[in-house]
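Novice: So you can see what is in the structure, the chains are spelled out below.
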Amino acid sequence: MKSSWKKSLFTVWVFVRINTKRFFRDRLALFFTLVFPLIFLFVFGGLNSGGGDISFNVAVINQSETQVAKDFVTQSGDSKVLKVNKEITTIEEAKEKMSRSELDATIILPSNFGTVAEGAAYPTGEAEVIYTQNNQQSASALISVLDAQFKGLNGTLVTSVTPFTVKGTQLNENSLSAFDYTFAGLLGFSLIGMGIFGPLNVFPELKKMGILRRLSTTPLRVWQYFLATMVGQAVIGVISFAALFTVAILVFHLEIVGSWFELVPFLLFGLVTILGIGLALGGWAKNERQAAPLSNIIVFPMMFLSGTFFPRFLMPEWLQNISAFLPLTPIIDGVRLIATEGKHFIDILPQIGLIGVWMVVIYVIAFKVFRWE
Amino acid sequence: MIEVKNLKKRYGDKQAVDGVSFSVKKGEIFGILGPNGAGKTTTLEMMETLRTIDSGSVIIDGIDVAKHPQDIKYIIGVQPQAPAFQDKTRLTEVIELFAAAYGEKVDPMAFLRDVDLEDKAKSYVENLSGGQKQRLSITTALVHGPKVFFLDEPTTGLDPQARRHLWELIEKVRDKGISVIMTTHYMDEAEILCDRIAVMDNGKIVAIDTPKNLIKALLKRGFKKEQEVEQANLEDVFIDLTGKDLREEK
Chain A
0 MKSSWKKSLF TVWVFVRINT KRFFRDRLAL FFTLVFPLIF LFVFGGLNSG
50 GGDISFNVAV INQSETQVAK DFVTQSGDSK VLKVNKEITT IEEAKEKMSR
100 SELDATIILP SNFGTVAEGA AYPTGEAEVI YTQNNQQSAS ALISVLDAQF
150 KGLNGTLVTS VTPFTVKGTQ LNENSLSAFD YTFAGLLGFS LIGMGIFGPL
200 NVFPELKKMG ILRRLSTTPL RVWQYFLATM VGQAVIGVIS FAALFTVAIL
250 VFHLEIVGSW FELVPFLLFG LVTILGIGLA LGGWAKNERQ AAPLSNIIVF
300 PMMFLSGTFF PRFLMPEWLQ NISAFLPLTP IIDGVRLIAT EGKHFIDILP
350 QIGLIGVWMV VIYVIAFKVF RWE
Chain B
0 MIEVKNLKKR YGDKQAVDGV SFSVKKGEIF GILGPNGAGK TTTLEMMETL
50 RTIDSGSVII DGIDVAKHPQ DIKYIIGVQP QAPAFQDKTR LTEVIELFAA
100 AYGEKVDPMA FLRDVDLEDK AKSYVENLSG GQKQRLSITT ALVHGPKVFF
150 LDEPTTGLDP QARRHLWELI EKVRDKGISV IMTTHYMDEA EILCDRIAVM
200 DNGKIVAIDT PKNLIKALLK RGFKKEQEVE QANLEDVFID LTGKDLREEK
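First to last, the protein sequences are chains A and B. Each residue of the first sequence is one higher than the one before, counting from 0 in numbering that gives the first Met the number 0. Each residue of the second sequence is one higher than the one before, counting from 0 in numbering that gives the first Met the number 0.
Pulled out of the complex, with its shape left as it was, chain A reads as follows (with noise of 0.2 Å):
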């Protein structure tokens, strides 16, 4: 046959073609592709944009009539570290909220608090933290907070020398941010959905209809129909992943050190990988009940463990150095790597090598598990 190479892959472009028309009059696919991800971007965007600033929520009961006790409770209303609640005025009501965890500790300010006692030239106090059990961390930050501020207020009244002091310097390099954690995720998040659950919920129902079943009786090849699939996935990927940066850099003010050049056909690269599971899971499954307990078995452990919602370095060393194995997970870190640290693929080349051997694996599965119905 003279240029069957050529009439094979006008066979792949025909299907392509036709079957991202058809992709984009479906709006439920359309949605769960390119929106869903964004809705996700969305709400942990927003969560993590509080960035660096931590504070607490507290109540202040004064039972002190003095300056000093109105000083302090005016400015920590002003303070953007402590939140006050005002409606809290006994310490029965704050018991009660600090152990629903609405509150994370109570102030208390004793009513001797700013008297001057006695034969003294200034007045003194005690200020008492009081909270539960759970909230130990952010109660004992809350007392160092309280202390720096007494030592600036006691700084004013005694004046005494410190010999010692501390100097934080800011440096201007470029650290990652949540958001970047977060982000490199979510695109792991998305390319799970496109890569998996596109072909495991697409395939099963064409064998359920016969439709796979009827290919079969044509000359149409499995890589073909492969291929068709994977380039068609790859379009819609590249405007999901257009869509999602385009959101991170505006509204997010994601900033991408590396290369377009370089994070595009690494992303490509991740998503024919993880397509691979998608074809293997769907090429196997004979229906849907066969497809959703794989998806749950594979897929769930898999988005959580590879870093897609939390990043890997919460989780204890061991589970990291599992994970570390994931298919997934190369993936996420290379996109984190290459567009917030401006790495090249010459220095993710242990990511590129790990992914590389996933995608003949997956693969070689997905080639050898296929069935036409």
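Some clues are possibly wrong.
Said to hold, decoys possible - DSS-like cross-link-like pairs, simulated, lysine-lysine; straight-line CA separation at most 30 Å:
1) K13/B to K367/A
2) K285/A to K87/B
3) K121/B to K5/A
4) K119/B to K20/A
5) K13/B to K5/A
No lab work stands behind these hints, which were simulated from the structure alone.
With chain A held as given, fit chain B onto it using these hints.
Specialist: Positioned in the frame of chain A, the structure of chain B alone reads:
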């Protein structure tokens, strides 16, 4: 055109097809009849490369199905029992897809015209009636100009008008010189449409001949219907009352 010899297929302890042999000439409509479970569909599926052949052989146009399944696919067209298409696809696109599967580029409208579907060209397949789906399925099976056309119970569930219309289509296909092999449960259909018939039971062929000869042979054995044959039947009444025009649920 088609030579089937001693074809066998076993599922577990059931011999689904048990030594089936027949041949089909060029431009002939060959019907396979038989009760459910007789092995009709399994026989077809082995000829269509969908099932592996346990033993025996199928030679189509000189090509052995078991040895060269990929070559066979270029010369056969297959109409499945329940035709289905992926939704949100226009009729023209369905034709393009199937032609592309053979590496061919065709004019979709020409193929839609062949089965009176040119008005529906831009519709999505999910909006077609049962009869329209059958017709679309027939034309998609012919996009690559096959030499043999397989139909599995093509008229099941269709109204009398749609059935008659489909018969005409199948005859048109035969008249192009394509060999047609079909299964059916309707005896009137087999009698009108098929040039020759094989009756299967329990995986074996119990009779092969033209419908006329099969009836003659039965009469020769002294068979008599209790009732006098009337000059019309209920279907004739139905067609007389409702006309031959095709109906399409919008």
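Novice: Decide, hint by hint, whether the structure agrees.
Specialist: For each hint, the structure was consulted:
1. K13/B to K367/A: holds (28 Å)
2. K285/A to K87/B: Status holds; Cα separation ~23 Å.
3. K121/B to K5/A: holds (29 Å)
4. K119/B to K20/A: holds (18 Å)
5. K13/B to K5/A: This hinted pair is violated, its Cα atoms lying about 45 Å apart.
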